[in-house]
Amino acid sequence: MCGVVYMRMCTLCREVFLWRALSCASRRRSDAPKLFFSRCVMASTAAMLPKAVAPGMDVDMPDVLGLPTGKGAGTSQTDLYSRMKALQKHLQFLDIQEEYIKDEMSNLKRELVRAKEEVKRIQSVPLVIGQFLEIIDHNHGIVSSTTGSNYYVRILSTINRELLKPGASVALHRHSNAVVDVLPPEADSSISMLGADERPDVSYNDIGGCDQQKQEIREAVELPLTHHDLYAQIGIDPPRGVLLYGPPGTGKTMLAKAVAHHTTAAFIRVVGSEFVQKYLGEGPRMVRDVFRLARENAPAVIFIDEVDAIATKRFDAQTGADREVQRILMELLTQMDGFDQSVNVKVIMCTNRADTLDPALLRPGRLDRKIEFPQPGRREKRLIFQVLTAPMNLSEDVDLEDYVSRPEKISGAEIACIVQEAGMQAVRNNRYVVLPKDFEKGYKANTQKNDKDFEFYR
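Going by the UniProt record's numbering, the residue at position 371 of the sequence shown is 371; the numbering climbs one at a time, nothing skipped.
Just so you know, not all the hints are guaranteed correct.
Derived DEER-like restraints, expressed as beta-carbon distance ranges [as the list claims (entries may be wrong)]:
| id | residue 1 | residue 2 | range |
| --- | --- | --- | --- |
| 1 | I159 | G281 | 22 to 28 Å |
| 2 | R174 | I142 | 14 to 20 Å |
| 3 | I236 | R174 | 54 to 60 Å |
| 4 | R161 | D211 | 55 to 61 Å |
| 5 | E134 | S106 | 41 to 47 Å |
| 6 | M330 | R199 | 29 to 35 Å |
| 7 | Q277 | E440 | 47 to 53 Å |
Derived DSBU-like pairs (lysine-lysine); straight-line CA-CA distance at most 30 Å [stated by the list, open to error]:
| id | residue 1 | residue 2 |
| --- | --- | --- |
| 8 | K370 | K214 |
| 9 | K257 | K370 |
| 10 | K116 | K165 |
| 11 | K214 | K257 |
| 12 | K102 | K85 |
| 13 | K165 | K120 |
| 14 | K116 | K102 |
| 15 | K120 | K102 |
| 16 | K214 | K313 |
| 17 | K409 | K437 |
| 18 | K214 | K409 |
| 19 | K257 | K313 |
| 20 | K441 | K409 |
| 21 | K444 | K409 |
Keep in mind that the hints were calculated from the coordinates and are not lab data.
Since we're looking at a predicted model, the values are computed, not measured.
Using N, Cα and C, we set each Cβ at its ideal position, and we do this for glycine too.
Using the sequences provided together with the hints, build the complete structure.
Written out as structure tokens, the structure reads:
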């Protein structure tokens, strides 16, 4: 019925009718107006085609638009006018189709924007940090939350499945625990590199004495990173790790600060106790994160202070905490001398108790060079006093050689405390000059102590 009504309309009425049908279909988004519109279009197309003729009649075959293509095609004005009107109708029909397609594209874009906003709402904070364990199918997987429980959850369809690897850090929805995002490896790690503005301002000249130690650590750490071709020409591998050991206050950590100041390589500083975490598996994962971060930013230097917190000799552990510490040590051994090795990553370790370290860590191939920091002698004392008192306003009566020649065994840190206490005495008495009596009080305050308390380091 709609086709008959449409055929009886004039050209202008047909255009208005088609446009209203299209607008109705776009606004209501229903199937009924679309079906009505398609029937009208089919009727208009059939109207443009010529009527059927009897067999044997000498009539030209119609073309795609229903126009004659024989010898008399286009010879009269009527034929030209008919052809022009047919082309106009076809052009109008294409314009209507274009408007309809544009309207559909606009609706789809709005739906896409709404879908993206919904995904952002789902991924909005706060989210729970978890660890991806195993993928079951395209839409489901198994995750582990920070509480230690494992869950079978859904995976958001927009997540790249190639990033969902076992051990990857993921963001979980706080109610359903569904995986809504994949975090970068460094997002869930407390390990970070020292920035350019975070590097210590300690140079080798600020360390009095320790000439042999400076030379050895520069040969083992700096030279392989800056002039690796020298070792390649000789045909040897540079040292992989350095152990700094000795009594407290002898300059081990200070020398590591000087290395961080002078080298341009990435510098990662951690303390051994940081690897001991509450949950099982977190400590070994942190060790992997440290070496992964170093390899990604190679050349790099890893400095582990107080390594005896995780590297003591292994024994038959009876508690879960001891077994976890031993697992951390085994992960450290594997990272230092395993299959995944990098010559552009150097490891510096410091400890006061080298005798308690595990022999597997001390063997060549892991800690190739061991640098001892003994108590300073007279020459080292003199150099330390000179470095520390260089910026001070000393009286001409101050004789530093007197304190250097005294028989008490004092470390570099104790000498720094003596100099600091002498300055505090001058400040206390409202003076701008440090006198010999200030040094004497500072020396007595730091050397007159119970020897039994520190007999272990003698």
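- Message: Would the hint linking K370 and K214 be met if the CA-CA limit is 30 Å?
- Response: Distance ~13 Å between K370 and K214 Cα, so the pair holds.
- K409 paired with K437 [C-alpha distance capped at 30 Å]: Given that 30 Å is the threshold and the Cα spacing comes to 21 Å, the pair holds.
- Task: Assess, step by step, whether the Cα of K116 is no farther than 30 Å from the Cα of K102, and give holds or violated.
- Result: holds (21 Å)
- Task: Please test the hint of 14 to 20 Å on the beta carbon pair from R174 and I142.
- Result: Holds, at about 18 Å.
- Query: Is it true that the CA of K441 sits at most 30 Å from the CA of K409?
  - Reply: It holds: about 17 Å lies between the C-alpha atoms, which stays within 30 Å.
- Message: Given the hint of 54 to 60 Å, is the C-beta distance from I236 to R174 inside that range or not?
- Response: Cβ of I236 to Cβ of R174: about 55 Å, so the range 54 to 60 Å holds.
- Item | Hint check for R199 and M330 - Cβ pair distance inside 29 to 35 Å | Given a distance of about 32 Å, which is inside 29 to 35 Å, the answer is holds.
- For the pair supplied as a hint, K120 and K102, is the alpha-carbon distance within the 30 Å limit? Roughly 27 Å between the alpha carbons, so the hint for K120 and K102 holds.
- Regarding R161 and D211, is the given constraint of 55 to 61 Å on their beta-carbon distance met? holds (57 Å)
- Holds or violated: K214 with K257, Cα cutoff 30 Å? The given pair, whose Cα atoms are some 12 Å apart, holds under the 30 Å limit.
- Message: K214 and K313 were given as a pair; does the straight-line alpha-carbon distance stay at or below 30 Å?
- Response: holds (29 Å)
- Query: Holds or violated: are the alpha carbons of K165 and K120 at most 30 Å from each other?
  - Reply: Holds, at roughly 23 Å.
In summary, the structure agrees with every hint in the numbered list given earlier.
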